[in-house]
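Visitor: Residue strings, one per chain:
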Amino acid sequence: ETGVTQSPTHLIKTRGQQVTLRCSSQSGHNTVSWYQQALGQGPQFIFQYYREEENGRGNFPPRFSGLQFPNYSSELNVNALELDDSALYLCASSPGTSGTGELFFGEGSRLTVL
Amino acid sequence: AQSVAQPEDQVNVAEGNPLTVKCTYSVSGNPYLFWYVQYPNRGLQFLLKYITGDNLVKGSYGFEAEFNKSQTSFHLKKPSAVVSDSALYFCAVRDGLTGGGNKLTFGTGTQLKVEL
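For the protein sequence lines, the chains are A and B, in the order given.
All you need for my numbering is the position in the first sequence, starting with 1, plus 12.
All you need for my numbering is the position in the second sequence, starting with 1, plus 280.
Isolated chain B, as found in the complex:
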């Protein structure tokens, strides 16, 4: 069974400072990893993904994430946070070994708050 852990319910950061939102995962085969963002009363928006290749992936709005196979982690980062980054962030995983199409397993989410 696949699982995702987001150990922090909330992350607070000052505008202009770097931010990190943590994610660890567990899958049987090679992982397909994703980050999505959710604004209040809205659906999820895709930020970035890791399927294969370079461990550092870049995505929308200046976000990036680093895949670390030995630590089974996929932390989301941004060099300089802005207030509009404040939202709920979800890490998700799919087992690349087995079937299941678009069955993603999501973490419980991390609320990011960027303060002036």
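Excised from the complex, chain A in its bound form:
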């Protein structure tokens, strides 16, 4: 059983650029959530995907978007990057959307925006 994997692990972009982060969910998990963790802060919920559709969104602007594929893997896209987008982006998978189970987190993608 493979865990949640994310790529890339580190990347550097400049303001105004676009970035795509990728996540492979744990085997058997059909739900993927994305979180942003700024330095010294707790993770903040960006959105969740279930069966290839967005199923819940946090307080993030539309330039944060995502996709989920038939194999349940997911992408997070951020357009028009801003300095404040520098953070660790965490993907978490779970076997459903009940909210009662644990989330399985990947190790994150650290984005630096210059």
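Read the hints as simulated data drawn from the structure, not as lab findings.
Just so we're clear, the structure is a prediction, and the values are computed from it rather than from any experiment.
Cβ atoms here follow ideal geometry from the backbone N, Cα and C, with glycine treated the same way.
One or more of the hints may lead you astray.
[To be verified] Some chain B residues well away from chain A (every beta-carbon gap over 10 Å; in silico): (1) A294; (2) P298; (3) T300; (4) T304; (5) K349; (6) T352; (7) S366.
[As the list claims (entries may be wrong)] Covered, in the sense of this in silico footprint (three residues per stretch, anywhere, with C-beta under 8 Å from a C-beta of chain A), are these stretches of chain B: (8) 334–346; (9) 353–365.
Assemble chain B onto chain A, guided by the hints.
Guide: Using the frame of chain A, we list chain B on its own:
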């Protein structure tokens, strides 16, 4: 809106002593409460959860937490700390009344340092 407060940025404890990491929460309905641990440059690992039932829940690595509805608290405890417990601990809550799937609200984290 749901929220979580972790009042201590850092907790220091000697190895072998009991530890407590504090958490209070605010939700509209019944809370689903979680503790996660984060090691440097790693993702979060689940420790334990309270959904319903017994107020004392036990989790991984000897950790436990007590749900106190009247005080809206969910403090993390361990009877005897070890050096390898040193890490960043996050409390999280989800409102069990409304929808939102796996939308968790996390606290700002408490750095636990266990010293020899």
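Visitor: Does the claim that K349 (chain B) lies outside the interface with chain A hold up, using a Cβ gap greater than 10 Å?
Guide: About 18 Å separates K349 (chain B) from the closest Cβ of chain A, which puts it past 10 Å; holds.
Visitor: If I take the minimum Cβ distance from T304 (chain B) to any residue of chain A, is it greater than 10 Å?
Guide: For T304 (chain B), whose nearest Cβ neighbour in chain A is about 14 Å away, the distance exceeds 10 Å, so it holds.
Visitor: Beyond 10 Å from every Cβ of chain A: is that where the Cβ of T352 (chain B) lies?
Guide: Correct as stated: the minimum Cβ-Cβ distance to chain A is 18 Å, above 10 Å.
Visitor: Please confirm whether A294 (chain B) is truly not at the interface, meaning its C-beta sits more than 10 Å away from all C-beta atoms of chain A.
Guide: holds, 26 Å
Visitor: Test the statement that T300 (chain B) is away from the interface with chain A: the closest C-beta pair must be farther apart than 10 Å.
Guide: Given a closest Cβ separation of 19 Å, the condition holds.
Visitor: Can we confirm that no CB of chain A comes within 10 Å of the CB of S366 (chain B)?
Guide: Since the minimum Cβ distance to chain A is about 17 Å, S366 (chain B) lies beyond 10 Å and the statement holds.
Visitor: Between the region 353–365 of chain B and chain A, are there enough contacts, at least three residues with CB-CB distance under 8 Å, for the coverage claim to hold?
Guide: Check failed, 0 qualifying residues.
Visitor: Apply the coverage criterion to the region 334–346 of chain B and chain A: a residue qualifies when its Cβ sits closer than 8 Å to a Cβ of the chain, and three qualifying residues are needed.
Guide: Not satisfied, violated; 0 residues make the cut.
Visitor: The output says P298 (chain B) does not contact chain A. Does that hold with a beta carbon cutoff of 10 Å?
Guide: The assertion about P298 (chain B) holds, with a minimum of 25 Å to chain A.
Checked against the numbered hints listed earlier, the structure breaks hints 8 and 9; every other hint is satisfied.
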